Structures are given as C-alpha cells and as structure tokens.
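Counting from 18, one number per residue, gives the positions in the sequence shown under the numbering used here.
Since the hints were derived computationally from the structure, they do not count as laboratory data.
Please note that a few of the clues may not be correct.
Mimicking DSS-like on lysine-lysine, the simulated pairs with C-alpha atoms at most 30 Å apart in a straight line are [unchecked claim]:
no. : residue 1 : residue 2
1   : 134       : 113
2   : 113       : 257
3   : 122       : 137
4   : 122       : 134
Cβ-Cβ distance ranges computed for the label pairs, FRET-style [unchecked claim]:
no. : residue 1 : residue 2 : range
5   : 153       : 242       : 37 to 43 Å
6   : 200       : 227       : 44 to 50 Å
7   : 26        : 200       : 53 to 59 Å
8   : 167       : 228       : 53 to 59 Å
9   : 35        : 86        : 21 to 27 Å
10  : 138       : 210       : 41 to 47 Å
11  : 204       : 225       : 29 to 35 Å
12  : 85        : 35        : 18 to 24 Å
13  : 204       : 82        : 22 to 28 Å
14  : 82        : 167       : 17 to 23 Å
Source: prediction; values computed, not measured.
Just so it is clear, CB atoms sit at the ideal spot from N, CA and C, and this is done for glycine as well.
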Amino acid sequence: MYREYYGLRESPFKITPDPRYLFFSRKHREAFDHIRYGIEHRSGFIQITGEVGAGKSTLCRAILQTIDDTVSTALILNPVMTPIQLLRSILREFEKPSRGNDRLKLIETLNSFLLEKASKNETVALFIDEAQDLSPDLLEQIRLFSNLETDDQKLLQIVLIGQPELRTTLARRELRQLSQRITVRYHLGPLEAAETEAYIHHRLGIAGAQGRPRFTPWAIRSIHRRTGGVPRLINALCDKALLCGYVEDRDELGWWQIRRAARELGSFHR
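Turn these sequences into a full structure, and let the hints guide you.
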C-alpha cells in the first residue's frame, strides 16, 4: 500500500535478514570484523551474542555473501536436533554423504572432507545461528569437532551466534572445556541515537526512497527512545509509521505518527 504512495521499490523495514540492508553501526562493523578475523586466522571457535532483534542473523548472511571463495561454509539455522542429526545436517550442507546413524562413520566422512580442504590450503567454517538453543549434548558434540585438527591448525572454524543466554550456558562449569576453546568473542549491542537516524536513512535509500517519506528529528528521537536502538523494533515501528503516513496522506512523519504507530502495535510503552 504505502510503497506505491511513497515511490518505493520495496518495503524498507521488513524484518527478514536481508544482507543488502545490513547497516554497519560501530558495533556491527566490529562484530563483522571479529568473525572475519576468527575465520581467516583459523581460531577454531568464535562466539557472537546479542539481544533479540539486534541484527545477528543479518550479519551472518552478510558474512556468508562476502566471504572469500576459498572458504567453504555451512549454515545451521535450527540447532534443535540430536547429535547425529547435527552431523548429518552439516554433511548435507557440505554436499557430502550423510546417510545412516553410525556416528563414527559420519565423523570420518567429515574429517576426510576437512583434510581434503586443508591440503588445498582452504578454510571450512560452520555457522550455527540461534545457538542459545543448543542442548548440552549438542554442545559436547560441537566441542569434539575442535579435535579435528592437524599438528598446526584447526580444520573447522565454528561460529556460534546466539542470544545472551548463550553466554550464560557456556559459563556453566560442565561446559568449561568448550568455553576455554572460544578465542574470539563479541557482544552486539543496540544502536546509538545518531546511528538510529543513519539506520533509518540507510534502509530508505536501499528501498529507493527519493526524499519521501521523511522522518522529522522529533520522530527519530521518539523511535530511538521507544525501541532502545534495537534494529528489529525500529523496523516494526517505522513500517507501521509509514502506513500511518499513507493513511494520513503525509510525506513528513513526526512524533505524532510514531506515537500512533506505537499505540497500534501495542508493544512500545516508553
């Protein structure tokens, strides 16, 4: 509805993790660089955490799109599974035989693939999104993956991406062996006030905005205050505000449209 009214190619504030819309705030750039550093230096384990809606999944997709061709990658989106299912899912991602329930045979297949890549001086990286949902059994399986190594390098780089609960889980005494192997860690925080404004303009620009709609400074302050700088919440509030602007036939969106949008969403009480 409002896309045609404002002359937009697409909805600028959709909540899907589209890497084209990744906005590099200071924290997002640092998280991006931490992942790239960990993979390029074959650090073994990399941990990225952040609150719900902070942009972790979008960051992950951007890494996968821009990573070097010499890096083979696998992405696990739903880690709620058994250790055997995890192994089979990883092998399928790498397009390797994954049938059967023989754990040792599956690990042997994975190890052969990793050694083949290492012989060509190529890197293999496994990304696990929503890693806070990993069970203790799966975390132990993942720790064992770090034993796949040569005398001088880790064969598999593992990126754990999850909510803050992941840090709490890994701090448990029974998981200290895994925690000690994580050499690269970063927590992705919310946007600052100035970054919220730049984020909104960035997304509008990607969607094809040509000067309209326009959020007033008061509107942007209200957006940041109500969302706390969390990108997903900013998206939801701005999307509803654009609909309000369309209904009211307005190019300029002020604090009143933000207030109305927040009331209609019913989840912004600041």
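Here is how each hint holds up against the structure:
no.: 1; hint: 134 <-> 113; result: holds (13 Å)
no.: 2; hint: 113 <-> 257; result: violated (45 Å)
no.: 3; hint: 122 <-> 137; result: holds (23 Å)
no.: 4; hint: 122 <-> 134; result: holds (19 Å)
no.: 5; hint: 153 <-> 242: 37 to 43 Å; result: holds (40 Å)
no.: 6; hint: 200 <-> 227: 44 to 50 Å; result: holds (46 Å)
no.: 7; hint: 26 <-> 200: 53 to 59 Å; result: violated (42 Å)
no.: 8; hint: 167 <-> 228: 53 to 59 Å; result: holds (57 Å)
no.: 9; hint: 35 <-> 86: 21 to 27 Å; result: holds (22 Å)
no.: 10; hint: 138 <-> 210: 41 to 47 Å; result: holds (45 Å)
no.: 11; hint: 204 <-> 225: 29 to 35 Å; result: holds (34 Å)
no.: 12; hint: 85 <-> 35: 18 to 24 Å; result: holds (22 Å)
no.: 13; hint: 204 <-> 82: 22 to 28 Å; result: holds (23 Å)
no.: 14; hint: 82 <-> 167: 17 to 23 Å; result: violated (29 Å)
Checked against the numbered hints above, the structure violates hints 2, 7 and 14; every other hint is satisfied.
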